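Colleague: From just these sequences and the hints, can you work out the full model?
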Amino acid sequence: NAGVTQTPKFRVLKTGQSMTLLCAQDMNHEYMYWYRQDPGMGLRLIHYSVGEGTTAKGEVPDGYNVSRLKKQNFLLGLESAAPSQTSVYFCASRKSTTVAYGYTFGSGTRLTVV
Amino acid sequence: GQQLNQSPQSMFIQEGEDVSMNCTSSSIFNTWLWYKQDPGEGPVLLIALYKAGELTSNGRLTAQFGITRKDSFLNISASIPSDVGIYFCAGLYYTGTASKLTFGTGTRLQVTL
Numbered sequence: 131n132a133g134v135t136q137t138p139k140f141r142v143l144k145t146g147q148s149m150t151l152l153c154a155q156d157m158n159h160e161y162m163y164w165y166r167q168d169p170g171m172g173l174r175l176i177h178y179s180v181g182e183g184t185t186a187k188g189e190v191p192d193g194y195n196v197s198r199l200k201k202q203n204f205l206l207g208l209e210s211a212a213p214s215q216t217s218v219y220f221c222a223s224r225k226s227t228t229v230a231y232g233y234t235f236g237s238g239t240r241l242t243v244v
Numbered sequence: 273g274q275q276l277n278q279s280p281q282s283m284f285i286q287e288g289e290d291v292s293m294n295c296t297s298s299s300i301f302n303t304w305l306w307y308k309q310d311p312g313e314g315p316v317l318l319i320a321l322y323k324a325g326e327l328t329s330n331g332r333l334t335a336q337f338g339i340t341r342k343d344s345f346l347n348i349s350a351s352i353p354s355d356v357g358i359y360f361c362a363g364l365y366y367t368g369t370a371s372k373l374t375f376g377t378g379t380r381l382q383v384t385l
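Just so you know, the protein sequences line up as chains A and B, in that order. Each residue of the first sequence is one higher than the last, beginning at 131 in the working numbering. Each residue of the second sequence is one higher than the last, beginning at 273 in the working numbering.
Honestly, the hints are just simulated from the structure, not real lab data. Since we're looking at a predicted model, the values are computed, not measured. Careful: at least some of the hints might be erroneous.
Residues from chain B that face chain A, not an exhaustive set, calculated with beta carbons under 8 Å [to be verified]:
1. G312
2. E313
3. G314
4. F360
5. L373
6. T377
7. G378
Below 30 Å or equal to it, Euclidean Cα-Cα: the simulated BS3-like pairs (lysine-lysine) are [what the hints assert, rightly or not]:
8. K342(B) x K225(A)
9. K139(A) x K308(B)
10. K323(B) x K225(A)
11. K187(A) x K308(B)
Cβ atoms here follow ideal geometry from the backbone N, Cα and C, with glycine treated the same way.
Modeller: In structure tokens form, the structure reads like this:
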């Protein structure tokens, strides 16, 4: 049972480069989320999706785009990476009917922008 | 964006000691969640609390949902080396199927032998 899988696990980018982070879940969850984790800041929501073909902004969406073309996948894109986007990125998912049971998280992608 | 005030930021304790950490918020929540994050991994749910005043245990872990719905604490009894990690509280506010999960800033726990 893989749960939530994130790829890649590590990446170093140069300022201005672009990349896409992939999140895949095999639990048939409707809702998917992208968070970033910075030291002393906890996790902050970037974007989320409540279903295939739908996305919405979280609290820190600037500089990121997302797509949810398939129910099991949620992609996070950086069009022009900046050093301020150096962070650990976590994907999470949940079923629409289990809002009170918390979310299932992936193991993270550590991104460094130089 | 809103963040929860979690304290302490870090703790260094000896194996066998008890640990206590807490979270406070200016907003109310429907649910309080406590997660643990091991190095290089994502947060894993430890305990979920659903009602104001609720006290819930999971092995050596005990957590309570504050009466005001604006705070929660987590206790770990008789700590062991594998308790090392970062503990996050999270407040969940939901209406229908829409939800907002807000995380605390984390408590880093170190356990010495």
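Colleague: Indicate, hint by hint, whether the structure satisfies it.
Modeller: Verification of the supplied hints:
Satisfaction of the interface hint for G312(B) is found here, the shortest Cβ-Cβ separation to chain A being roughly 7 Å, below the 8 Å cut-off. Hint status for E313(B): holds, given a least beta-carbon distance of 5 Å to chain A, under 8 Å. Given the 8 Å rule on beta carbons, the hint for G314(B) holds: about 3 Å separates it from the nearest Cβ of chain A. Interface restraint check: F360(B) against chain A, minimum CB-CB distance 6 Å, threshold 8 Å, status holds.
Using the Cβ-Cβ criterion of 8 Å, the hint placing L373(B) at the interface with chain A is satisfied: the shortest such distance is roughly 7 Å. Restraint check, T377(B) versus chain A: the minimum CB separation of about 5 Å is within 8 Å; hint holds. Residue-level restraint check for G378(B) holds (minimum Cβ-Cβ distance to chain A is 6 Å; threshold 8 Å). With a C-alpha separation of about 26 Å, the suggested pair K342(B) and K225(A) falls inside the 30 Å cut-off, and the hint holds.
A distance of roughly 19 Å separates the Cα atoms of K139(A) and K308(B); the hinted pair therefore holds under the 30 Å criterion. Taking the CA atoms of K323(B) and K225(A), the gap is about 21 Å. The hint holds against a cut of 30 Å. For the hint pairing K187(A) with K308(B), the CA-to-CA distance comes to about 26 Å; that is within 30 Å, so the pair holds.
In summary, the structure agrees with every hint in the numbered list given earlier.
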